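**Q** Here this note's numbering is used: position 530 in the sequence shown is 716, and no number is missing along the way.
Worth double-checking, as some hints may not be accurate.
[What the hints assert, rightly or not] Simulated pairs of lysine to any residue, SDA-like, Cα-Cα distance not exceeding 25 Å:
id: 1; residue 1: K325; residue 2: Y394
id: 2; residue 1: K571; residue 2: Q486
id: 3; residue 1: K673; residue 2: K790
id: 4; residue 1: K463; residue 2: R453
id: 5; residue 1: K433; residue 2: A372
id: 6; residue 1: K514; residue 2: K561
id: 7; residue 1: K314; residue 2: G478
id: 8; residue 1: K561; residue 2: R212
id: 9; residue 1: K285; residue 2: K420
id: 10; residue 1: K299; residue 2: K502
id: 11; residue 1: K314; residue 2: R587
id: 12; residue 1: K265; residue 2: K544
id: 13; residue 1: K411; residue 2: G358
id: 14; residue 1: K260; residue 2: K544
id: 15; residue 1: K351; residue 2: D415
id: 16; residue 1: K742; residue 2: R780
id: 17; residue 1: K472; residue 2: Y316
id: 18; residue 1: K314; residue 2: G470
id: 19; residue 1: K209; residue 2: K544
id: 20; residue 1: K325; residue 2: Q467
id: 21; residue 1: K502; residue 2: N269
id: 22; residue 1: K742; residue 2: G795
id: 23; residue 1: K502; residue 2: R450
id: 24; residue 1: K260; residue 2: K209
id: 25; residue 1: K673; residue 2: S792
id: 26; residue 1: K502; residue 2: Q437
id: 27; residue 1: K314; residue 2: N460
id: 28; residue 1: K571; residue 2: E560
id: 29; residue 1: K561; residue 2: E548
id: 30; residue 1: K472; residue 2: L462
id: 31; residue 1: K544; residue 2: F575
id: 32; residue 1: K433; residue 2: N406
id: 33; residue 1: K299; residue 2: R212
id: 34; residue 1: K420; residue 2: V345
id: 35; residue 1: K265; residue 2: A232
id: 36; residue 1: K420; residue 2: H431
id: 37; residue 1: K299; residue 2: R587
id: 38; residue 1: K514; residue 2: Y456
id: 39; residue 1: K502; residue 2: N460
Quick caveat, the hints were computed from the structure, so don't treat them as lab data. Here the structure is a predicted model, which means the values were calculated and not measured.
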Amino acid sequence: MKQIVFSALFLLIFSVAKSQNFKYTRSPVDITNNSDFSTFQLMDSAIQNYHVFFSGENHQFKASNARLELKLLKYLHEKAGVNHLLLEFSFTTGYLLEKYMFENDTLAYAMLKANYHNQYMWMFEHLKEYNATLDSVHKIRVHGIDFEDDMQLAVRTLVMLMPDKEAPDSIGLHIETLRGMNGRYARNTEYNEYEAAELGTGIFGYNYRAGRTISDLLDNYDRQKGVYDAYFGKNAALVSTIMWHMKENLQWREYYTGGNMQERPFRERYMYNNFLKLVEQNPGGKFFGQFGRCHTSLNQTDENCDVTFFNSLAGKINNSPNPYLKGKVFIAAGFYPHAEMNGTSTVSKAGFVSFLNKMEKEAYDTSITLFLVEKDSVHYGDLYKHYNFIFFNNNSLADDRALKVEKGRKKHKGFFGRAADKELFVGLSAQYQLYGVKTTGLKPFFNSYVLPVPVSPLSMTGLSFTVFDDNSGDYFNASYNRMDEVKYATNDTSRFSFNASSFSIKGGADLFNSNPFINVIPCFGLTYTEYRISHTITKTPSLFQPEKTGGEILYKNPALLGDVSLRVSTHFYMIGISAWGGYQFDVSGQKWRRDGSYSTLAPKTSLSGWYAGAGVGLFINN
187 MKQIVFSALF
197 LLIFSVAKSQ
207 NFKYTRSPVD
217 ITNNSDFSTF
227 QLMDSAIQNY
237 HVFFSGENHQ
247 FKASNARLEL
257 KLLKYLHEKA
267 GVNHLLLEFS
277 FTTGYLLEKY
287 MFENDTLAYA
297 MLKANYHNQY
307 MWMFEHLKEY
317 NATLDSVHKI
327 RVHGIDFEDD
337 MQLAVRTLVM
347 LMPDKEAPDS
357 IGLHIETLRG
367 MNGRYARNTE
377 YNEYEAAELG
387 TGIFGYNYRA
397 GRTISDLLDN
407 YDRQKGVYDA
417 YFGKNAALVS
427 TIMWHMKENL
437 QWREYYTGGN
447 MQERPFRERY
457 MYNNFLKLVE
467 QNPGGKFFGQ
477 FGRCHTSLNQ
487 TDENCDVTFF
497 NSLAGKINNS
507 PNPYLKGKVF
517 IAAGFYPHAE
527 MNGTSTVSKA
537 GFVSFLNKME
547 KEAYDTSITL
557 FLVEKDSVHY
567 GDLYKHYNFI
577 FFNNNSLADD
587 RALKVEKGRK
597 KHKGFFGRAA
607 DKELFVGLSA
617 QYQLYGVKTT
627 GLKPFFNSYV
637 LPVPVSPLSM
647 TGLSFTVFDD
657 NSGDYFNASY
667 NRMDEVKYAT
677 NDTSRFSFNA
687 SSFSIKGGAD
697 LFNSNPFINV
707 IPCFGLTYTE
717 YRISHTITKT
727 PSLFQPEKTG
737 GEILYKNPAL
747 LGDVSLRVST
757 HFYMIGISAW
767 GGYQFDVSGQ
777 KWRRDGSYST
787 LAPKTSLSGW
797 YAGAGVGLFI
807 NN
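Could you build the full structure based on these sequences and the hints that come with them?
**A** See below:
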């Protein structure tokens with residue numbers, strides 16, 4: 187008995203000591219630069235010999251999910267040979283996305299943009315850019331394997347595939363109906379559901395229902411398939427595939443709206459069978475998808491994913507009898523401790539909360555930390571049965587919404603601390619011109635008067651209006667500057683005053699668009715400058731000329747200048763600070779005008795020269 191107690195005590199002490207000395211294998215994840223894969227080095231050796239890769243997400247965190255998905259896809263493409271992206275979207279979404287990516291189809295792009303959140307569109311656009319850098323053998327193909335749940339895309343795609351001719355009477359009613367639905371969808375992207383008024387009302391207030399409309403269409407298609415095939419011609423096979431997916435969606439929706447438990451396993455089986463078709467069509471392909479985490483468990487989940495003994499898509503693939511797939515699925519799940527809706531999955535609620543608390547203490551001070559899941563039930567529970575790695579996303583929903591969709595940068599904090607996409611800067615500026623008008627050479631022009639000092643250099647102040655796109659780094663500036671009037675007296679009856687003003691437009695792009703703290707922008711533009719000298723002769727009687735007539739003569743030198751400059755700027759919440767310097771090239775005639783007419787007496791005066799300036803103002807962002 188003593189031996190048993192001693193052994194138990196020893197094991198307890200050993201377990202406690204081991205727990206206290208345990209070190210999580212982890213690394214910080216940078217999602218701001220989707221071309222730097224050093225942040226994923228922890229997975230480099232682990233991903234070898236797998237053919238299918240999934241990451242799991244909470245769909246609420248759209249911005250960080252999109253960044254992570256794009257970066258993971260590029261990483262797995264380069265490190266593991268992944269060449270197929272799986273989408274938790276419909277077949278038609280994948281079809282339209284391929285039309286956009288590989289054919290630059292503007293209608294397909296417009297249809298996607300009308301239907302999907304800008305975070306997804308950001309990822310689609312960046313994937314297109316990335317694919318453009320790859321040769322034809324290594325390009326990434328895209329496949330939607332989920333239901334046609336966004337009915338407008340299916341309907342609008344069918345209309346896009348229609349020939350420009352009348353349909354036979356046996357299908358004419360339904361072809362015309364599809365065109366009518368397309369018209370409503372094109373005007374209103376909110377008609378996306380299946381219930382009472384999803385297609386809006388008619389002139390008599392009748393509610394049109396997409397579900398019933400599509401159900402009648404599919405019945406007619408089944409009865410008249412040969413007629414539809416002949417009508418659609420070369421697109422008949424594609425139309426047949428879309429119709430089948432629409433029919434499966436209606437079946438799933440019956441389960442879903444009816445409260446049937448078949449709803450969840452039906453969906454997983456549907457996606458699984460679609461995936462098997464892809465594997466058959468693309469032998470030797472490697473696949474990656476970022477799906478909701480409840481679709482990405484290697485083994486059965488408990489009731490925390492809605493249905494007891496729930497077999498997810500990833501688990502079905504990993505346990506497939508196909509030797510290419512069996513045991514070849516790699517999972518990196520996503521956990522979000524600050525989510526409004528966690529979807530606990532695979533662990534008990536109490537254990538889940540305990541796990542999140544431990545992870546939060548061990549996570550790096552970054553938005554996402556990557557953890558290796560080890561076979562250690564004390565620290566990971568039974569998670570090792572379900573996942574290979576975990577992405578611990580420590581963002582709040584507010585943090586996530588502040589992560590705008592820009593090209594690989596974490597943005598400045600702008601107005602009231604929000605991250606900026608397009609930044610608008612309105613402010614005051616001061617500019618110091620290191621050149622000016624040397625008036626000593628203008629004696630004949632001023633009727634023998636000579637100004638006492640050269641008017642150079644100049645100091646000018648004004649207003650500046652700037653739009654800076656943090657998404658692309660593009661910069662546009664318009665500014666107006668004016669010099670305060672300077673007056674000179676040459677004698678008792680003659681006065682000279684000098685002033686100048688300029689209007690500039692400039693454009694450029696940020697050299698360091700990945701730097702969240704400072705913008706360095708080379709700029710090119712045009713400046714219109716006008717220098718003005720006013721000569722006033724006072725009306726003064728004298729002994730020899732009792733009535734000497736006074737008056738004003740105005741001399742101007744208008745100039746168009748080419749402008750090359752470098753601008754450096756930063757801002758702190760609402761306050762922006764900028765400094766710049768450059769050179770202006772006088773491309774005008776360099777001639778002075780006297781009272782509106784060019785004068786042949788004045789020498790040409792070039793306004794080319796260096797300048798520098800600074801500004802402060804208010805930043806406003808969207």
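**Q** All hints are to be evaluated individually against the structure, with a verdict given for each.
**A** Now for the hints, and whether the structure bears them out:
no.: 1; hint: K325 - Y394; in the structure: violated, 42 Å
no.: 2; hint: K571 - Q486; in the structure: holds, 9 Å
no.: 3; hint: K673 - K790; in the structure: holds, 23 Å
no.: 4; hint: K463 - R453; in the structure: holds, 16 Å
no.: 5; hint: K433 - A372; in the structure: holds, 23 Å
no.: 6; hint: K514 - K561; in the structure: holds, 19 Å
no.: 7; hint: K314 - G478; in the structure: holds, 23 Å
no.: 8; hint: K561 - R212; in the structure: holds, 15 Å
no.: 9; hint: K285 - K420; in the structure: holds, 16 Å
no.: 10; hint: K299 - K502; in the structure: violated, 32 Å
no.: 11; hint: K314 - R587; in the structure: holds, 24 Å
no.: 12; hint: K265 - K544; in the structure: violated, 31 Å
no.: 13; hint: K411 - G358; in the structure: holds, 13 Å
no.: 14; hint: K260 - K544; in the structure: violated, 30 Å
no.: 15; hint: K351 - D415; in the structure: holds, 14 Å
no.: 16; hint: K742 - R780; in the structure: holds, 7 Å
no.: 17; hint: K472 - Y316; in the structure: holds, 18 Å
no.: 18; hint: K314 - G470; in the structure: holds, 23 Å
no.: 19; hint: K209 - K544; in the structure: holds, 12 Å
no.: 20; hint: K325 - Q467; in the structure: holds, 16 Å
no.: 21; hint: K502 - N269; in the structure: holds, 21 Å
no.: 22; hint: K742 - G795; in the structure: holds, 19 Å
no.: 23; hint: K502 - R450; in the structure: holds, 13 Å
no.: 24; hint: K260 - K209; in the structure: violated, 30 Å
no.: 25; hint: K673 - S792; in the structure: holds, 22 Å
no.: 26; hint: K502 - Q437; in the structure: holds, 21 Å
no.: 27; hint: K314 - N460; in the structure: holds, 24 Å
no.: 28; hint: K571 - E560; in the structure: holds, 10 Å
no.: 29; hint: K561 - E548; in the structure: holds, 18 Å
no.: 30; hint: K472 - L462; in the structure: holds, 13 Å
no.: 31; hint: K544 - F575; in the structure: holds, 16 Å
no.: 32; hint: K433 - N406; in the structure: holds, 12 Å
no.: 33; hint: K299 - R212; in the structure: violated, 37 Å
no.: 34; hint: K420 - V345; in the structure: holds, 14 Å
no.: 35; hint: K265 - A232; in the structure: holds, 11 Å
no.: 36; hint: K420 - H431; in the structure: holds, 19 Å
no.: 37; hint: K299 - R587; in the structure: holds, 19 Å
no.: 38; hint: K514 - Y456; in the structure: holds, 20 Å
no.: 39; hint: K502 - N460; in the structure: holds, 12 Å
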